[in-house]
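Visitor: These are the residues of each chain, in order.
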Amino acid sequence: MTIPRGKIVAIMGGSGCGKTTILRLIGGQLRPQSGRVRVGGLSVPDLAPSALYELRRRFGMLFQFGALFTDMSVFENIAFPMREHTALPEELIRDLVLMKLQAVGLRGAAQLMPTELSGGMARRVALARAIALDPLLVLYDEPFAGLDPISLGVVGQLIRRLNDALSITSIVVTHDVYESLKIVDYLYFVSEGRVIASGTPDEVRASSDRFVRQFVDGAPDGPVPFHYPAPAYREELFADVG
Amino acid sequence: MSAELVAGIAQWLRRLGGGVTGAVAQLGFVARFLVAVLWNTPHAFRRIHLTLREIYFTGVLSLVIILMSGLFVGMVLSLQGYETLKRYGADEQLGILVALALVRELGPVISGLLFASRAGSAITAEIGLMKTTEQLAAMEMMAVDPLARVVAPRFWGGVISMPLLAALFSAAGIFGGYLVGVRLIGIDSGAFWGQMQAGVDFWPDVTNGIIKSVVFGAAVSLISVFEGYNARPTAEGVASATTRTVVVSSLAILALDFVMTAFMFRGGNAV
Amino acid sequence: MNRAAIDLWVGIFVALGFGAILFLALKVGNLLTLDHTPGYRLEASFDNIGGLKLRAPVKAAGVVVGRVESVRLDKTTYEAVVTLRIDRDYQFTKDTIAAINTSGLLGEVYVGLDAGGDPTMLKDGDQIAKTQSAVVVEKLISQFLFDKASSPRASTPGDPVPAKAADQAAGGAKK
Numbered sequence: 001m002t003i004p005r006g007k008i009v010a011i012m013g014g015s016g017c018g019k020t021t022i023l024r025l026i027g028g029q030l031r032p033q034s035g036r037v038r039v040g041g042l043s044v045p046d047l048a049p050s051a052l053y054e055l056r057r058r059f060g061m062l063f064q065f066g067a068l069f070t071d072m073s074v075f076e077n078i079a080f081p082m083r084e085h086t087a088l089p090e091e092l093i094r095d096l097v098l099m100k101l102q103a104v105g106l107r108g109a110a111q112l113m114p115t116e117l118s119g120g121m122a123r124r125v126a127l128a129r130a131i132a133l134d135p136l137l138v139l140y141d142e143p144f145a146g147l148d149p150i151s152l153g154v155v156g157q158l159i160r161r162l163n164d165a166l167s168i169t170s171i172v173v174t175h176d177v178y179e180s181l182k183i184v185d186y187l188y189f190v191s192e193g194r195v196i197a198s199g200t201p202d203e204v205r206a207s208s209d210r211f212v213r214q215f216v217d218g219a220p221d222g223p224v225p226f227h228y229p230a231p232a233y234r235e236e237l238f239a240d241v242g
Numbered sequence: 001m002s003a004e005l006v007a008g009i010a011q012w013l014r015r016l017g018g019g020v021t022g023a024v025a026q027l028g029f030v031a032r033f034l035v036a037v038l039w040n041t042p043h044a045f046r047r048i049h050l051t052l053r054e055i056y057f058t059g060v061l062s063l064v065i066i067l068m069s070g071l072f073v074g075m076v077l078s079l080q081g082y083e084t085l086k087r088y089g090a091d092e093q094l095g096i097l098v099a100l101a102l103v104r105e106l107g108p109v110i111s112g113l114l115f116a117s118r119a120g121s122a123i124t125a126e127i128g129l130m131k132t133t134e135q136l137a138a139m140e141m142m143a144v145d146p147l148a149r150v151v152a153p154r155f156w157g158g159v160i161s162m163p164l165l166a167a168l169f170s171a172a173g174i175f176g177g178y179l180v181g182v183r184l185i186g187i188d189s190g191a192f193w194g195q196m197q198a199g200v201d202f203w204p205d206v207t208n209g210i211i212k213s214v215v216f217g218a219a220v221s222l223i224s225v226f227e228g229y230n231a232r233p234t235a236e237g238v239a240s241a242t243t244r245t246v247v248v249s250s251l252a253i254l255a256l257d258f259v260m261t262a263f264m265f266r267g268g269n270a271v
Numbered sequence: 001m002n003r004a005a006i007d008l009w010v011g012i013f014v015a016l017g018f019g020a021i022l023f024l025a026l027k028v029g030n031l032l033t034l035d036h037t038p039g040y041r042l043e044a045s046f047d048n049i050g051g052l053k054l055r056a057p058v059k060a061a062g063v064v065v066g067r068v069e070s071v072r073l074d075k076t077t078y079e080a081v082v083t084l085r086i087d088r089d090y091q092f093t094k095d096t097i098a099a100i101n102t103s104g105l106l107g108e109v110y111v112g113l114d115a116g117g118d119p120t121m122l123k124d125g126d127q128i129a130k131t132q133s134a135v136v137v138e139k140l141i142s143q144f145l146f147d148k149a150s151s152p153r154a155s156t157p158g159d160p161v162p163a164k165a166a167d168q169a170a171g172g173a174k175k
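Chains as they are written, first to last, in my numbering: chain B, 1 to 242; chain V, 1 to 271; chain A, 1 to 175.
Bear in mind the hints are in silico, worked out from the structure with no lab data behind them. Keep in mind that this is a model prediction, so the values were computed, not measured. Using N, Cα and C, we set each Cβ at its ideal position, and we do this for glycine too.
Label pairs and their computed distance ranges (CB to CB):
#1 V:LYS86 / A:LYS130: 31 to 41 Å
#2 B:ASP95 / V:GLN26: 44 to 54 Å
#3 V:LEU79 / A:TYR90: 35 to 45 Å
#4 A:GLY19 / B:SER50: 37 to 47 Å
#5 A:ILE12 / B:MET1: 50 to 60 Å
#6 A:ILE12 / B:ARG31: 44 to 54 Å
#7 B:MET1 / V:ALA3: 50 to 60 Å
#8 V:LEU184 / A:LEU26: 20 to 30 Å
This is chain B alone, in the form it adopts within the complex (with noise of 0.2 Å):
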């Protein structure tokens, strides 16, 4: 997979199909057994420690379901990156925080405990946290899940104006095709491991692949079976017979 700068790519599949998997090897959490991971011309897997936590400084990365720190407050959650890395004075990462916040659409929630917000609104406060040091790359791990039709729009959105307004790269590793089509310049298809299929929006609504098609209509059985693999059903429910 190639990822060009400034654009925002959707890395798609089925559950379990090792989507979540690279990210953590972007990120440098995973080795891999085989193959390369290449960052802005670093080699992830072979950089030193302290070399590997400088490259996560230009990262943001958004977990799925927020993972906020539950004892800290919003405003302490955003400005927790500012205050560990840079040597900021304290008016001036109040400054940033609200910034962020204001980017997000929360400022007004700064003083709230992450445990008082809604799904949506978590997801946004981790946003703003992960784009807290202007990061050169974000990282999206399934951003839409489990969210309302408003705070999807309104995440999609985020991702699609901060990505252009900040001149970051995105990879947003999700299964919601119908949020993705909108916003992304590009897709990967990701199944069993390897990449099956990719191409932009529009080649996508227009795919003839049939694991590309069955995604995007929602389809039940396709190339992604149904049935989990058994033996076969005759045999299963007559066997303890005789």
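Since the structure of chain B is provided, determine the placement of chains V and A on it from the hints.
Guide: Structure of chains V and A alone, referenced to chain B:
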């Protein structure tokens, strides 16, 4: 011997060997974890507020249970001790009995057990939950080492809290012993305190008690953070990690207590 | 919980904890009651100090006047040399007797000082001339049995034996 029997024995031996290597590997894992935590110690003290927060949660919030338990233990010691000492006409020694039992043994051990079940399990659950909700992974991806920011402060918070709690337990116990012995039973107050002062030496009694509580604090804190950090990221995983913390910590305290007591008090009082 | 509140409570907790440790050290233990009362030293040699421990009290007429500071074995005479630290307020005569007693059957062992009539007082570093060693119960019992066994033949040849036995049993007054 039939082939089956030989195969059975061989399999059993393989499992035994596997279990032993597994246990040794686990021990090595724990040791490496301890080294990693200690390595991150400077961070825990540079960001002293993190550690202070942990001292609050493990120490301050345990005050009530420690003081109350200490009081009751001291009172019971006094009651039971008096009955037995009276038989030998040595009831004036009650002060020494209560004080030595508490300062040398019961203070560090019981407060250690209480600490493990209250604070230790809370630490394990907290870290395990942070792991389950991907907060630790998020921290890693933000280039912040969770060992430095989450684990080390909790470890040192526990190590600092424990000796203070043990001392408070012993003090509360002695006060309880005084209440029962002098106020309730009627032993002479002067004899109670005087014999105690003569019999309890700062070195080795009080200091050995403090050393024990520091060792217990380190053991319980290490086990708590280890179990939390390595819990399976599911509800059952966190639950079983929490129970394991309490069980393993308690056993560790009792075993370490035996080893240290044998080492410290083998000569009896020096002349 | 904000920072200020946490800091306050942690401060209180640590202060209480150290207070407890101090309490244990001073009130319960005997950290400071040791060598801080102004006093002077006297030495006394005993055949047997029995169960005498460091910091055991030194009493005169039942009043605590000092503590046992150190005990060592004299390598030539094989006697126990005990250093006593006595309060400056109390002076003892040169012919004071130092005896090792037990308060009660299971009580603590202490050094009892019995003053005499000598006009000269003991000074810092002096030796107490007359001492009485501890009563070792086993020796008492064995002497009692020995006496019982030898009493039917209590004619002249046997006389020195019971006397010597009694002397040994009492520990023997020195010189």
